[in-house]
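Asker: Heads up: the sequence lines are chains A and B, in that order.
Just so you know, the first sequence maps onto residues 63 to 429 in this note's numbering.
Just so you know, the second sequence maps onto residues 31 to 334 in this note's numbering.
Note that these hints are calculated values from the structure, not bench results.
Relax, there's no trap hidden among the hints.
Calculated pairs, SDA-like style, for lysine to any residue (alpha carbon to alpha carbon, straight line, at most 25 Å):
| # | chain 1 | residue 1 | chain 2 | residue 2 |
| --- | --- | --- | --- | --- |
| 1 | B | 86 | A | 267 |
| 2 | A | 419 | B | 171 |
| 3 | B | 86 | B | 97 |
| 4 | B | 124 | B | 106 |
| 5 | A | 238 | A | 300 |
| 6 | A | 146 | B | 238 |
| 7 | A | 144 | B | 146 |
| 8 | A | 144 | B | 155 |
Coverage of chain A stretches by chain B, computed from C-beta distances (three or more under 8 Å per stretch; other residues unrestricted):
| # | region |
| --- | --- |
| 9 | 244-258 |
| 10 | 359-370 |
| 11 | 374-387 |
For glycine and all other residues, C-beta sits at the position ideal for the given N, C-alpha and C.
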Amino acid sequence: MNKDGDLLHTVTADNISDSRKRLGKFMVWGTALFCVMLALLQTMYQAGSIEIGFETWRPTLYSYMLWATALCAAQVIVNGEKGKRTLFVLPAALFVVSLVIFPLLFALYISFTDWNLASPNGPQPNGWNNLVQMWNDSFYWNALTNMVYYVLAVSVEYVIAFGLALLLNAQIRARKFFRVVFLLPLMLSPVAVSWMIGKSMLEVRFGPISRIIRDLGGEPTFFGDPEIARFMIMAMDAWTFIPFMMIMLLAGLQALPSEILEASKVDGASGWQSFKEIIFPLMMPVSVTAIVIRIIFKLKLADIIINVTSGGPGGATDSVTSFIFREYRDRSNVGYGTLLAIVYLVLIVIFVTLFLKLVSRWMERPA
Amino acid sequence: MSMIFRDHEVGIRNQSKWWVSRTAIYSALSIWALVCLFPIFWTITTSFKLAPDVMKGNLIPWWDFTPRWKGWESIGLSPRLLGEVSTVREEFFKRFWNSTVVSISASLLAVILGSLAAYGLSRFSYRFGFMKNSDISFFFLSQMILPPVVLALPFLVLYKSLGLLDSRVGLILLYTLMVLPIVIWIMRDQFQGIPIELEEAALVDGLGIWGAFMQIVMPIALPGMVAAFILSLVLCWNEYFFAALLTSTNATTLPVMVASQTGSQGINWWSMAALSSAAILPLVIVAIALEKYIIKGMAAGAVK
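With the sequences and hints as input, model every part of the structure.
Answerer: Structure below.
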């Protein structure tokens, strides 16, 4: 067994004739040439240098798909059995590469232009101007700082989720009922949640929660004060995503070897001792996985903010995504917005890589 | 060693301790159940309230307010309006249908592409240039950290030039891309749990590798595929960011419809509540009916 797991080894004797190989190569290169020709033609048509062309780029897309299909088919034609194995991974790989790499390269290009959708000139390269503007944009830095707070909130979510998982794992009746109920928030769309909780339950005049606070003698403000507003966003996001961590941790708890727990009980460990010395350390890999995935989801946080506060008051609740969303929608400032997005991508790639390095020693399962 | 009998002092102490812990556990469970259920209860009941009920803060139907169909009438879904022609209802069903088509096709596509890739990666060793199996897996999984905001604008421009803006196909492609890493993550785990001897036996008996996959492995991995499908379905159904940016009239999904209502002049409580309830109900039903699969899907990567 190697580190990739148990592999299926097949021995095949393929006799592939030269003409078959030639056919495969011809298919790939022919369709590729066709696709490139079509793309060139379209570029020339749009630039106005020739008269004949299509209205949209869609024919180019079709020819690209034709090329992709030919590439997949050619794998089998040229490589025989080996090609059939490649065929498992190739479609997904082609799909991801064409939908991620090309747009990313394009985004990189746009981010160094002064493109504003409202301006008639289209994208004009403007060198490092966007970067300088970003450096002086206090709202962007503010949004990044907020992201740090939002990510730190994951630790509290983790504690609550672990507690709930322990509760669900205890000897209780109606376990299935509680599991379904606890799972429900995860099913709801963030947009609906932002109305249900953010705009109606937390409504200052009639919302049930404001009513309770007023009955207790307080004066409810939820989205007026920056600190409270940020906390409210965190709480709503936590409400939807705690079930996610809870389920992962519960699965981990149920997979714990019961002999060890019984042995500790026989040796007279109290509940707290067996949690601290046995359950928690054994749960480390699962915990780290759950936290990493939760952080990745957290870094995309936007829907609730866009719909409840639009980043207010004064940018206190802005996440990077919601900030860029407004940059696009309200100011049509796409060149600058895309640069911000690319910088954000670079930052989170660095952050996640470092974080994974840091926690990797806890990810290994004790033998 | 202390003697433990029911009437003994130690026994009684133990028993009272047991009762205390039981009460603590069940009260904690009930409090969290309340936290989870109250917003849903609030939304559904509000959709049956009139303005005075909302302002007075009435909570319990039939006891402190009489349920009315007013909220549901505003999206054309009350018993009185069901027989009549209603433009709002048509609008709602159009959005609902868009959401359904987009999320089901995207999840289906993701499960097909993802399962094939995951199976390949868990069974054969590949070399694409410098990339080996673990690198390819990492490449797929690393798409998970890609924030949607980075892709949003390039796709806006790309779709504009391809004529895919405001179309369902465009959304389907994007959503497939979005859930593919998760599907691969779940399915790789599923396939690794299937003993390789099964396929070896199938190969000896004369099936090809694709035959072995289709006839032997697929049926075994089907529950895992269903789990991955349901999880993708939930994520696609709830997606808002891309839908808000890339659709305008034809292909808008339910979340966009809900969000666009909140922005307008002073919130119309009952209609918003009805709309929100209608938007969340399908998934609430899915959650209750298919809870087993959802949990299985999320647990897949965590353990083992």
